[in-house]
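Could you build the full structure based on these sequences and the hints that come with them?
Now for the letters of each chain:
2 protein chains.
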Amino acid sequence: MKDSGSQSSNSKSVATSEDIAARLTDAVHEHRLLPGMKLNEDEVGEIFGVSRTIVRQALRAMGHEGLVTIERNRGAFVAKPTIKEAREVFEARALLEPQTARAAAERMTPADITMLNQHIEDEHAALASGKYGLALKLSGDFHVEIARISDHATIETFIRQLVSRSSLVIALYWRRRNALCESHAHHALLDAFENKDGNSAEELMKGHLLDLVSQLDLREAQNTNVSLKAALSQ
Amino acid sequence: MKDSGSQSSNSKSVATSEDIAARLTDAVHEHRLLPGMKLNEDEVGEIFGVSRTIVRQALRAMGHEGLVTIERNRGAFVAKPTIKEAREVFEARALLEPQTARAAAERMTPADITMLNQHIEDEHAALASGKYGLALKLSGDFHVEIARISDHATIETFIRQLVSRSSLVIALYWRRRNALCESHAHHALLDAFENKDGNSAEELMKGHLLDLVSQLDLREAQNTNVSLKAALSQ
DNA sequence: GCTTGGTAAATCGTATACAATTTGAGTCTC
DNA sequence: GAGACTCAAATTGTATACGATTTACCAAGC
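Those protein sequences? They're chains D and W, same order as listed.
If you're matching positions, the first sequence starts at 1 in the working numbering and goes up one per residue.
If you're matching positions, the second sequence starts at 1 in the working numbering and goes up one per residue.
Rather than coming from a laboratory, the hints here were simulated on the basis of the structure.
All of these numbers come straight from a predicted model, not from anything done at the bench.
Some hints could be false.
Which copy? The list can't say, so a pair holds if one copy fits it or any two copies do.
[Stated by the list, open to error] With a straight-line cut-off of 30 Å between C-alpha atoms, the simulated DSSO-like cross-links for lysine-lysine are: (1) 196 <-> 206; (2) 84 <-> 196; (3) 206 <-> 84; (4) 80 <-> 196; (5) 131 <-> 80; (6) 131 <-> 38; (7) 38 <-> 84; (8) 196 <-> 38; (9) 206 <-> 38; (10) 80 <-> 206; (11) 131 <-> 196; (12) 38 <-> 80.
Set out below in structure tokens:
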């Protein structure tokens with residue numbers, strides 16, 4: 001839990017760079033910040049009431065996660081993964097997450113199950129009330145929670161990064177703008193977890209990731225700003 | 001290539017934070033900087049002739065890689081992986097590198113082979129002239145080069161991090177202080193690469209990593225500073 | 001002797017000032 | 001009008017000053 005308190009209990013808690021990075025990261029995960037958007041240092045600092053020093057720390061941290069691209073003397077932008085990078089992200093997830101799901105299944109406690117269940121319900125609620133961005137973020141968090149339960153901090157860090165970047169990929173390459181009909185997959189995973197069935201969990205996760213990729217449109221040259229060239233080539 | 005020129009061609013090239021991080025990282029890889037060592041900001045800045053601003057950027061970057069631990073108001077220290085973290089690093093490598101070796105084998109060009117060969121020779125030369133730290137670094141670079149050849153930037157980044165942290169693990173938990181008798185393993189891998197034999201490459205890499213782990217001493221409580229508690233529990 | 005307390009030095013955290021670079025508008029020319 | 005040029009405004013990069021925290025040392029007390 002630990003909600004990285006923006007303005008929590010203790011009256012005048014000044015925001016740290018971690019807070020800023022978390023807030024910005026959430027915004028990216030919820031598609032309130034979209035790939036390519038400029039993150040002006042003064043502007044961000046003004047919004048959160050901190051100096052540029054702190055903002056720069058946050059932006060550089062996000063740069064390391066691959067969420068933000070920093071161009072020298074030009075500033076920070078929400079990253080725009082290329083098609084190759086998009087493929088890589090999901091290939092890496094396919095390499096890490098199935099085994100992680102298996103490990104998680106074997107370590108799963110009743111408390112974990114309850115928590116994951118709550119997570120799925122929240123996701124449902126978000127979808128029902130039209131908060132697609134929030135639903136998307138929660139859907140990613142589900143994967144991160146599984147990694148956390150697997151109790152492998154190193155791989156958890158990698159998965160967290162990959163899930164993060166998946167938000168960008170989805171923003172750029174998702175086919176159907178409407179539903180994220182994947183809650184079924186998460187339910188199925190939860191069943192495997194309840195039965196402590198590592199094999200199923202591994203297979204379900206593998207299938208789930210393949211399913212996700214199959215809903216992306218990763219053909220070359222679709223989202224590149226080729227307006228000029230496209231107009232001329234006709 | 002691009003050797004991140006410390007003082008390259010252009011006369012007065014002021015060191016960037018990337019340069020500083022690279023220099024410090026090399027020092028860690030070569031065991032000139034050992035786990036636990038304090039990295040004083042003023043001191044580092046003095047050595048490289050840059051202000052603390054730049055040093056702090058470098059140290060935070062290394063923090064993200066897991067090479068450095070930053071404690072608030074206390075400063076940056078070369079990281080000291082616990083035994084659990086040490087295990088995790090090699091488990092993650094075992095998950096990523098065999099498949100990466102396979103992919104590399106399939107994409108390997110004659111130029112790549114030549115380069116890897118040179119790498120092995122350099123490693124030999126370093127060992128022969130007693131530069132164990134350099135040999136260790138080169139040995140790690142070998143793995144990173146394979147990742148690069150596999151042409152999967154995302155996984156390459158992960159492997160780079162893991163190899164980096166492996167240097168720390170080796171500094172803390174390596175059994176025999178003398179030789180790193182692993183050049184044989186690298187030779188065998190090279191043979192597989194020359195034959196474009198992905199299966200062999202994958203298997204050899206898996207075995208090589210297991211071999212490495214087996215030379216570590218990862219039993220509990222050997223390097224922990226428990227003098228007080230240990231004395232009291234008796 | 002060992003601990004406790006207090007003060008000065010060392011060190012880190014952050015804001016800010018200023019330099020360097022990019023951006024964009026406006027002007028001029030062809 | 002399209003393109004090249006100039007200059008001001010906006011923005012980022014870096015050094016530095018200053019406050020906050022930790023550390024280290026030394027003296028006093030039990």
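message: For each hint given before, does the structure comply? Return the numbers of the non-compliant ones in rising order.
response: Of the numbered hints given earlier, those the structure breaks are 4, 8, 9, 11, listed in rising order.
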